[in-house]
Amino acid sequence: MSVEVGGYVLNAVLAPYIAALLVLLLHRAPAPVVAWTGVAGLAVSAFSSVVALVLVGPEGAEPFTVYWLPSFNVAFSLRADFLALAMGALVAVLSLIIGIYSVEYIGSWGAPRYWFFFCFFVGSMQTLVYANDLYTLLVGWEGTGLASYALISFYHDDRETDWVGDPGRRALGVPMWSPPTHSGIRAITFTKFADAAMLVAIGFIHAVVGTTLMDVLEPEAGGFERVLGAAQAAGALLPFLFAFYVGALAKSAQMPFHEWLVTAMTGPAPVSALIHAATMVKAGVYYALRFTPWLVSAAVATGLAAQLGAFLDALLWLVLITAFALATMALVARELKLILAYSTASQLSYMFAAVFAASLYALASQQLEAAQLGVYSGFAHLVSHAVFKAALFLAAGALIHAVHSRYITDMGGLAGSMPLTFLATLMAGLSLAAVPPFSGWWSKDAVVYVLKLAGPHYAALALVTAFLTAAYTTRMITYVFSEKPLGRRAHGHEPGWLMKGAYLALGLASLALGAAWYWAVEPALAEGFGVHPKLDPLGLAIGTLAASGGAVVGASYLAGLRPWTLIERSAVLRTLHGFLYDRWYVNAAIYRALVYPGATLAQLLRSAVEAAVDRFYHISVPRAAVETGLAARSLHQGSLPAYVAYMLLGLLTALVVAAYAGGWP
Amino acid sequence: MSPELVVISGFALLAAAGLAAPLAGRLPSLAAAALSLGYVGLAAIYAALIQPGRTVLGFGVFDSFSALLLAGAAVAMMLAVLGGYEVYSRWGWAEAVPAVACLAVLGVLVLAAAGDLVTLYAGWILAAAATYILIALAKDGVSAEAATKYAMLGGVASLVLVAGLGFMFAGSGSMLLRPATEGVFALAAAAMVLASAGFKIGAVPWHGWVPDVYGNARPLLVAMASAAAKAVAVILAVKVLLNAPATPELLALLASLAAVTMTYGNVAAAASDRPQLVLAYSSVAQAGYLVAGLFALTLGGEAARLALTGLALHTLGYILSKPAAFLALDAVAARTWEELKGSWGREPLATAGMALGLASLLGAPPSLGFWGKLYIVLALAPHSPLLAIVMAVNFAIGAYYYARMISALFMGEGGTPVYTLRGLASLALGALTFVLGLVPWLGEVAAALAA
Numbered sequence: 001m002s003v004e005v006g007g008y009v010l011n012a013v014l015a016p017y018i019a020a021l022l023v024l025l026l027h028r029a030p031a032p033v034v035a036w037t038g039v040a041g042l043a044v045s046a047f048s049s050v051v052a053l054v055l056v057g058p059e060g061a062e063p064f065t066v067y068w069l070p071s072f073n074v075a076f077s078l079r080a081d082f083l084a085l086a087m088g089a090l091v092a093v094l095s096l097i098i099g100i101y102s103v104e105y106i107g108s109w110g111a112p113r114y115w116f117f118f119c120f121f122v123g124s125m126q127t128l129v130y131a132n133d134l135y136t137l138l139v140g141w142e143g144t145g146l147a148s149y150a151l152i153s154f155y156h157d158d159r160e161t162d163w164v165g166d167p168g169r170r171a172l173g174v175p176m177w178s179p180p181t182h183s184g185i186r187a188i189t190f191t192k193f194a195d196a197a198m199l200v201a202i203g204f205i206h207a208v209v210g211t212t213l214m215d216v217l218e219p220e221a222g223g224f225e226r227v228l229g230a231a232q233a234a235g236a237l238l239p240f241l242f243a244f245y246v247g248a249l250a251k252s253a254q255m256p257f258h259e260w261l262v263t264a265m266t267g268p269a270p271v272s273a274l275i276h277a278a279t280m281v282k283a284g285v286y287y288a289l290r291f292t293p294w295l296v297s298a299a300v301a302t303g304l305a306a307q308l309g310a311f312l313d314a315l316l317w318l319v320l321i322t323a324f325a326l327a328t329m330a331l332v333a334r335e336l337k338l339i340l341a342y343s344t345a346s347q348l349s350y351m352f353a354a355v356f357a358a359s360l361y362a363l364a365s366q367q368l369e370a371a372q373l374g375v376y377s378g379f380a381h382l383v384s385h386a387v388f389k390a391a392l393f394l395a396a397g398a399l400i401h402a403v404h405s406r407y408i409t410d411m412g413g414l415a416g417s418m419p420l421t422f423l424a425t426l427m428a429g430l431s432l433a434a435v436p437p438f439s440g441w442w443s444k445d446a447v448v449y450v451l452k453l454a455g456p457h458y459a460a461l462a463l464v465t466a467f468l469t470a471a472y473t474t475r476m477i478t479y480v481f482s483e484k485p486l487g488r489r490a491h492g493h494e495p496g497w498l499m500k501g502a503y504l505a506l507g508l509a510s511l512a513l514g515a516a517w518y519w520a521v522e523p524a525l526a527e528g529f530g531v532h533p534k535l536d537p538l539g540l541a542i543g544t545l546a547a548s549g550g551a552v553v554g555a556s557y558l559a560g561l562r563p564w565t566l567i568e569r570s571a572v573l574r575t576l577h578g579f580l581y582d583r584w585y586v587n588a589a590i591y592r593a594l595v596y597p598g599a600t601l602a603q604l605l606r607s608a609v610e611a612a613v614d615r616f617y618h619i620s621v622p623r624a625a626v627e628t629g630l631a632a633r634s635l636h637q638g639s640l641p642a643y644v645a646y647m648l649l650g651l652l653t654a655l656v657v658a659a660y661a662g663g664w665p
Numbered sequence: 001m002s003p004e005l006v007v008i009s010g011f012a013l014l015a016a017a018g019l020a021a022p023l024a025g026r027l028p029s030l031a032a033a034a035l036s037l038g039y040v041g042l043a044a045i046y047a048a049l050i051q052p053g054r055t056v057l058g059f060g061v062f063d064s065f066s067a068l069l070l071a072g073a074a075v076a077m078m079l080a081v082l083g084g085y086e087v088y089s090r091w092g093w094a095e096a097v098p099a100v101a102c103l104a105v106l107g108v109l110v111l112a113a114a115g116d117l118v119t120l121y122a123g124w125i126l127a128a129a130a131t132y133i134l135i136a137l138a139k140d141g142v143s144a145e146a147a148t149k150y151a152m153l154g155g156v157a158s159l160v161l162v163a164g165l166g167f168m169f170a171g172s173g174s175m176l177l178r179p180a181t182e183g184v185f186a187l188a189a190a191a192m193v194l195a196s197a198g199f200k201i202g203a204v205p206w207h208g209w210v211p212d213v214y215g216n217a218r219p220l221l222v223a224m225a226s227a228a229a230k231a232v233a234v235i236l237a238v239k240v241l242l243n244a245p246a247t248p249e250l251l252a253l254l255a256s257l258a259a260v261t262m263t264y265g266n267v268a269a270a271a272s273d274r275p276q277l278v279l280a281y282s283s284v285a286q287a288g289y290l291v292a293g294l295f296a297l298t299l300g301g302e303a304a305r306l307a308l309t310g311l312a313l314h315t316l317g318y319i320l321s322k323p324a325a326f327l328a329l330d331a332v333a334a335r336t337w338e339e340l341k342g343s344w345g346r347e348p349l350a351t352a353g354m355a356l357g358l359a360s361l362l363g364a365p366p367s368l369g370f371w372g373k374l375y376i377v378l379a380l381a382p383h384s385p386l387l388a389i390v391m392a393v394n395f396a397i398g399a400y401y402y403a404r405m406i407s408a409l410f411m412g413e414g415g416t417p418v419y420t421l422r423g424l425a426s427l428a429l430g431a432l433t434f435v436l437g438l439v440p441w442l443g444e445v446a447a448a449l450a451a
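Chains as they are written, first to last, in my numbering: chain A, 1 to 665; chain B, 1 to 451.
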């Protein structure tokens with residue numbers, strides 16, 4: 001890329017890091033100074049990434065590489081193809097808007113900590129996005145993990161208002177509530193587990209192609225062909241593919257890793273927005289969008305199309321089931337942010353599904369460019385989801401703050417007291433529900449279109465999920481803003497303009513994107529990814545029907561039937577409700593199968609091994625030293641005859657040795 | 001200035017300063033002692049530098065190794081005499097301290113220049129008697145008991161040395177101090193000289209006096225005695241053991257002696273409850289390192305060269321750092337660990353000197369103590385990895401109590417800072433151990449003796 005573009009890209013990556021550093025240096029300054037320092041860094045990043053996107057345009061540019069471990073062929077390398085530029089601009093702009101919202105939301109408690117990790121988070125995400133090297137990517141990847149851990153447990157005093165789940169509720173004996181510190185540890189554990197496998201995959205790639213530069217993996221360079229060939233020769237194609245993808249699936253909260261994302265709601269609302277809209281969870285999708293088409297062409301070239309196809313088919317089923325499962329959980333959830341969290345994981349599945357389905361189709365039809373259609377659809381949904389989900393979370397932060405409760409059952413009738421918040425939530429919610437003409441309608445239909453290419457059953461499952469999505473979204477909005485609140489009457493109040501301005505702008509953006517989709521957004525994305533998406537009137541019609549049907553059901557669900565009384569009356573419904581409410585027992589199963597046995601093993605090791613080692617070093621050795629020392633010193637009683645005796649004994653020994661040495665006797 | 005002139009002028013000055021003291025007052029005695037000691041220190045270093053190796057003189061020999069140690073002992077004694085003046089000037093017998101100090105260094109000088117058995121013994125007994133008197137000069141009950149024990153055990157050691165020298169004469173048929181020959185007499189002589197030198201440096205099992213004398217007597221006087229005693233012992237041992245018949249039995253004896261001495265000294269020091277007792281037992285441990293150096297010395301060849309370097313640097317470091325620690329302890333007047341805390345606030349100079357001295361004893365680079373230990377380990381490691389490992393373990397044990405002591409110095413609240421002459425002298429000595437660690441030619445000058 002030209003020096004100019006390289007400079008903008010470098011700015012986009014480094015500005016948030018520099019802001020984080022400045023926040024650290026200014027940590028004693030007043031909170032507004034710290035906050036605006038952070039926002040300034042985000043603004044520079046946003047400006048630079050947008051300029052880079054505009055300058056380069058859809059053609060992309062050559063990477064910008066600085067070697068920092070030359071002997072290992074490891075480089076700090078940034079790329080500027082359309083995917084990276086568009087993603088980077090999206091991340092930076094959304095982070096800036098969320099940052100402006102945070103200035104008002106966070107205030108002064110823990111402000112330096114918040115802003116340091118917030119900026120570090122965005123910097124790491126930008127590193128990951130613009131990375132042209134797998135190790136550089138990993139640095140950003142782990143940086144987002146670290147920052148998410150710190151921000152999810154931001155309220156480290158574990159106040160009950162910030163918990164996720166109902167305190168005291170257990171499933172299979174496993175607690176279903178999670179305080180912030182516990183959630184932070186869950187987030188980092190769940191993702192690191194998978195990252196370890198990803199690191200193995202990166203190591204394997206490095207071992208085969210001798211570098212981690214991503215240029216080499218592109219179809220023209222043939223790097224992945226050698227990697228897949230080597231993996232196949234070693235009989236490890238499936239383990240390699242699994243290791244290569246599992247980090248992305250965990251990062252983007254696909255089953256069974258979605259559990260970390262669900263409890264990540266303990267963080268402040270803007271952190272939820274940041275994690276769900278722009279950073280962190282989008283990293284896994286971005287990874288899949290970037291590498292899957294390359295793998296597809298490599299598999300075709302090496303004759304491994306069938307094997308990769310089988311693997312991607314399995315992944316496709318996994319993500320579609322995730323989408324469905326999380327949507328069903330969202331149907332019964334009572335916590336506002338929890339509903340949004342379920343929907344995030346569910347919508348991420350759509351993005352994965354798009355690229356996996358298109359790749360499946362490409363492998364089957366041997367039309368390699370079809371995989372790119374999946375990238376287009378996945379990214380389109382990523383953009384529209386990022387915008388409306390950010391709006392929803394930011395509005396949720398204002399709502400929860402206003403009623404001092406995270407339960408939607410404690411809200412209700414807030415449309416009057418918080419009209420702008422209602423408006424923003426409605427616009428973003430309709431986009432989530434895929435109601436025309438909002439952006440979510442366009443992008444979800446683009447996804448369904450490629451799913452139909454892979455097979456009608458995939459598209460059908462996606463449409464069922466879309467129906468459920470519309471239902472739980474409407475249910476949520478009705479609960480929060482309806483004139484007939486279920487619980488106590490809540491009194492809302494609009495927040496300041498920094499907050500409501502942020503989500504109002506995002507809500508309007510999801511409408512504007514939808515309005516301009518056909519004439520501006522779709523052509524731009526299509527040109528950037530080099531595809532020619534076709535409008536599918538039948539698909540659009542079915543999708544619209546599903547969305548509207550779901551919306552109607554969601555609305556009537558509340559208006560006509562009181563769910564609590566209904567559930568209490570029916571044992572079957574109660575069981576079903578419990579199954580959904582307890583998140584399909586996935587959490588309980590993970591704790592029963594892994595966490596508790598692990599804890600028991602750790603306890604065992606601690607009591608058996610660690611205690612023995614500890615005892616040896618910290619008790620036995622010092623005691624032995626003291627005992628020996630005292631014994632040694634007890635030889636000394638200050639007795640002169642004893643000293644003379646020692647001396648003569650020593651002399652005698654020396655003489656005997658000397659005599660023996662001299663051959664005598 | 002030729003080595004002869006250095007020896008003769010040094011002898012004359014030290015003898016005059018020592019013997020004339022009863023006729024002069026406190027201050028003239030101090031001045032005479034300080035000047036003659038300072039002169040001997042500089043002249044010996046100078047002579048060693050221009051005449052490395054061993055030179056036969058009309059009345060004896062000059063060797064650069066002994067000259068280095070003599071210089072160290074003279075400088076340490078000078079600083080101790082100067083620094084201690086604020087204490088002993090109040091005693092009725094004040095001029096005795098610089099006088100006896102001069103006589104002790106005179107003994108070292110005679111020993112260093114000795115080319116025959118009689119001169120060797122004369123130097124030994126002069127230095128020995130002077131150190132017993134030094135310890136007794138505090139003239140209190142504790143010092144009297146310590147000096148008595150020291151003198152009585154020293155008497156036994158001297159008798160053993162006389163016997164050993166007799167065996168040497170019997171073995172070689174000459175009164176000249178020559179490389180020992182084969183035979184049972186030579187071996188017996190080596191064993192007996194080893195026993196007496198072992199007494200002097202405090203090697204197990206001849207160490208009985210060390211805790212009683214170093215651990216109880218007035219620290220100021222221990223500072224003076226310790227400098228002279230270590231120099232005497234190492235010079236004697238090197239003169240006799242260099243080129244000694246290296247039988248496996250002698251080597252095994254030296255190695256086990258070294259291992260037992262350093263381990264015993266360190267373990268006992270780590271378990272000691274008083275700072276002065278820690279320093280006393282640490283002397284035993286340091287003696288163990290010296291015996292390890294003697295072990296390497298008897299191996300001959302490259303090991304001997306390295307051992308000579310190690311022995312010289314280590315002994316020099318000890319001669320400077322031990323008085324630094326004892327002078328500082330005298331100034332800080334800490335009888336318990338608790339009293340040691342806050343020293344930094346009360347006595348900054350002494351504390352700094354003590355910390356530097358202890359760091360050198362611990363073996364912190366770039367101090368003399370570090371180089372000495374390094375060269376000794378380098379010398380013996382190829383021949384006895386086991387002893388090298390034992391040494392390394394002992395360094396670790398030593399690091400524990402030295403570091404504990406250093407940290408105690410800087411912990412706790414101090415009072416108003418007081419600056420003493422002893423503190424200044426201690427700081428000068430402590431600084432010297434580190435400054436001299438940066439002088440590259442010291443080790444070469446010492447090793448020249450092996451050529």
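Bear in mind the hints are in silico, worked out from the structure with no lab data behind them.
Please note: incorrect hints may appear among the correct ones.
Unchecked claim - Example chain B residues on the side facing chain A (calculated, C-beta under 8 Å, incomplete):
#	residue
1	Ala-170
2	Gly-208
3	Tyr-264
4	Val-267
Unchecked claim - Here are some chain B residues the structure puts well away from chain A; computed CB gaps all over 12 Å:
#	residue
5	Leu-5
6	Lys-149
7	Ala-270
8	Val-284
9	Gly-300
10	Tyr-400
Stated by the list, open to error - Anything over 12 Å on all C-beta distances counts as not near chain A; from chain B, calculated:
#	residue
11	Leu-42
12	Thr-119
13	Lys-139
14	Arg-178
15	Gly-183
16	Phe-185
17	Ala-190
18	Gly-265
19	Gly-342
20	Leu-374
21	Leu-386
22	Ala-392
23	Leu-436
Backbone N, C-alpha and C fix where the C-beta goes; we use that ideal spot for every residue, glycine too.
To see whether the hints hold, each was checked on the structure:
{"no.": "1", "hint": "Ala-170", "verdict": "13 Å, violated"}
{"no.": "2", "hint": "Gly-208", "verdict": "3 Å, holds"}
{"no.": "3", "hint": "Tyr-264", "verdict": "6 Å, holds"}
{"no.": "4", "hint": "Val-267", "verdict": "5 Å, holds"}
{"no.": "5", "hint": "Leu-5", "verdict": "39 Å, holds"}
{"no.": "6", "hint": "Lys-149", "verdict": "6 Å, violated"}
{"no.": "7", "hint": "Ala-270", "verdict": "6 Å, violated"}
{"no.": "8", "hint": "Val-284", "verdict": "10 Å, violated"}
{"no.": "9", "hint": "Gly-300", "verdict": "16 Å, holds"}
{"no.": "10", "hint": "Tyr-400", "verdict": "9 Å, violated"}
{"no.": "11", "hint": "Leu-42", "verdict": "38 Å, holds"}
{"no.": "12", "hint": "Thr-119", "verdict": "24 Å, holds"}
{"no.": "13", "hint": "Lys-139", "verdict": "20 Å, holds"}
{"no.": "14", "hint": "Arg-178", "verdict": "18 Å, holds"}
{"no.": "15", "hint": "Gly-183", "verdict": "6 Å, violated"}
{"no.": "16", "hint": "Phe-185", "verdict": "8 Å, violated"}
{"no.": "17", "hint": "Ala-190", "verdict": "7 Å, violated"}
{"no.": "18", "hint": "Gly-265", "verdict": "9 Å, violated"}
{"no.": "19", "hint": "Gly-342", "verdict": "26 Å, holds"}
{"no.": "20", "hint": "Leu-374", "verdict": "26 Å, holds"}
{"no.": "21", "hint": "Leu-386", "verdict": "18 Å, holds"}
{"no.": "22", "hint": "Ala-392", "verdict": "17 Å, holds"}
{"no.": "23", "hint": "Leu-436", "verdict": "32 Å, holds"}
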